[in-house]
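Use the sequences and the hints to build the structure in full.
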Amino acid sequence: RWLLTPKGILWTLYGLNVVAWGGMLFLLLCNASKAMCWAPVDRPRYRNCNDINSPRRVWIEIDSQILNALFCVTGFGFLPWRLRDLYFLLRYRLCNERRAGKEKKLKPLRVLTGYYDWFRLDKQPTTAMWKMDVFVWAQIANTALQACLCGFMWGMSRYNRPAWATGLFIALACGVAAAGGLIAFLEGRKAVKVE
Numbered sequence: 208r209w210l211l212t213p214k215g216i217l218w219t220l221y222g223l224n225v226v227a228w229g230g231m232l233f234l235l236l237c238n239a240s241k242a243m244c245w246a247p248v249d250r251p252r253y254r255n256c257n258d259i260n261s262p263r264r265v266w267i268e269i270d271s272q273i274l275n276a277l278f279c280v281t282g283f284g285f286l287p288w289r290l291r292d293l294y295f296l297l298r299y300r301l302c303n304e305r306r307a308g309k310e311k312k313l314k315p316l317r318v319l320t321g322y323y324d325w326f327r328l329d330k331q332p333t334t335a336m337w338k339m340d341v342f343v344w345a346q347i348a349n350t351a352l353q354a355c356l357c358g359f360m361w362g363m364s365r366y367n368r369p370a371w372a373t374g375l376f377i378a379l380a381c382g383v384a385a386a387g388g389l390i391a392f393l394e395g396r397k398a399v400k401v402e
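Quick note: the sequence shown uses this note's numbering, first residue 208, plus one each step.
Where hints are given, some of them may not hold.
Claimed, not checked - Distance condition first, Cα-Cα at most 25 Å in a straight line; then the derived PhoX-like pairs of lysine-lysine:
#	residue 1	residue 2
1	K214	K241
2	K314	K214
3	K312	K338
4	K400	K338
5	K338	K397
6	K309	K338
Stated by the list, open to error - Between beta-carbon pairs, the in silico distance windows are:
#	residue 1	residue 2	range
7	W288	R208	52 to 58 Å
8	G321	G358	31 to 37 Å
9	G215	I269	53 to 59 Å
It should be emphasised that the hints constitute simulated quantities derived from the structure, not laboratory data. Here a beta-carbon is modelled for each residue, glycine too, at the ideal position from N, C-alpha and C.
Structure (structure tokens):
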């Protein structure tokens with residue numbers, strides 16, 4: 208039923224696009240299509256998969272740009288909510304309990320428990336605070352690393368862009384997003400088991 212809602216349709220289309228373009232990029236990187244290795248030169252025609260103008264390298268660039276745009280949808284599209292979470296987390300962290308009192312210090316955390324059902328403050332067992340820290344900062348880091356990746360992908364051409372930068376920022380952005388998502392998933396499972 209969820210797939211038939213507008214939100215479900217959009218998320219399904221997004222996921223299918225990521226899988227399809229990511230799969231094509233994987234196959235191109237593995238050299239699965241030997242026909243794309245011919246350099247586009249009439250005479251003498253030669254075969255070189257790593258030639259910068261070969262169809263394989265052109266399609267690797269097209270795939271990379273499309274995947275970068277798809278990851279920007281989530282990286283920048285969720286930025287307002289990520290900044291909201293960071294605001295409440297910093298309000299909690301920077302509040303002086305002696306001056307404000309315990310209840311006022313915990314108020315931002317109570318707001319976060321309303322947004323994330325895996326984060327348990329009053330119910331037993333309570334979630335360790337470091338898990339919310341890692342989750343929020345991982346989401347912020349994902350957006351920042353996505354911005355760095357965009358700077359390299361859109362600020363430089365495929366002829367002068369360093370390959371290490373693209374690989375590094377893709378790996379780091381995916382890694383921190385996975386770390387935050389893993390914490391939310393594991394804590395969510397734990398919360399469901401308790402209830």
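Results for each hint:
A C-alpha spacing of about 39 Å is found between K214 and K241, which places the hinted pair above 25 Å, so the restraint is violated. Distance check on the hinted pair: K314 and K214 sit about 31 Å apart at the alpha-carbon level, beyond 25 Å; violated. Proximity of K312 to K338 is assessed by CA-CA distance (about 18 Å); at most 25 Å being required, the pair is judged to hold. Under the criterion of a C-alpha separation no larger than 25 Å, the hint pairing K400 with K338 is consistent with the structure, at around 18 Å.
Our distance criterion of 25 Å between C-alpha atoms is met by K338 and K397, whose separation comes to about 13 Å. About 20 Å separates the Cα atoms of K309 and K338, which keeps this hinted pair within 25 Å; it holds. For W288 paired with R208, a C-beta distance near 25 Å fails the hint of 52 to 58 Å. At about 35 Å, the beta-carbon gap between G321 and G358 stays in the expected band of 31 to 37 Å.
Between G215 and I269 the beta carbons are some 28 Å apart, a value that contradicts the proposed interval 53 to 59 Å.
The structure shown violates the earlier hints numbered 1, 2, 7 and 9.
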